[in-house]
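Q: For the sequence shown, our numbering assigns the number 1 to the initial residue and increments by one for each residue that follows.
If you're looking for bench data, these hints aren't it; they were derived computationally from the structure. Be aware that one or more of the hints could be misleading.
[What the hints assert, rightly or not] Taking CB as the label site, the calculated pair distances span:
#1 Ala66 x Ala25: 39 to 47 Å
#2 Tyr32 x Val9: 28 to 36 Å
#3 Val7 x Ile39: 55 to 63 Å
#4 Gln57 x Ala10: 53 to 61 Å
#5 Leu20 x Met67: 28 to 36 Å
#6 Met67 x Ala10: 38 to 46 Å
#7 Lys35 x Ser2: 44 to 52 Å
Where is the CB? At the ideal position from N, CA and C, for every residue including glycine.
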Amino acid sequence: MSTWLVVLVAVIALLAGIALGFFIARKYMMSYLKKNPPINEQMLRMMMMQMGQKPSQKKINQMMNAMNKNMK
């Protein structure tokens, strides 16, 4: 009877650890991406210039707003 109890506690602890680890990692990544966005205005401006477009500040602001809106 005690081996079943040990196995049950081990399985419950494993599942709780997996769930807790997932939520901690998710929260960490969300805060990291909020502090360090993958694309900033300078990168966007360089990409547009490489594609042969002359980026205006209005166009860059529109694209940044659209990206920020999609991240939320």
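Q: Find the hints from earlier in the document that the structure breaks and name them by number, from lowest to highest.
A: The structure conflicts with hints 1 and 3, although it agrees with all the remaining ones.
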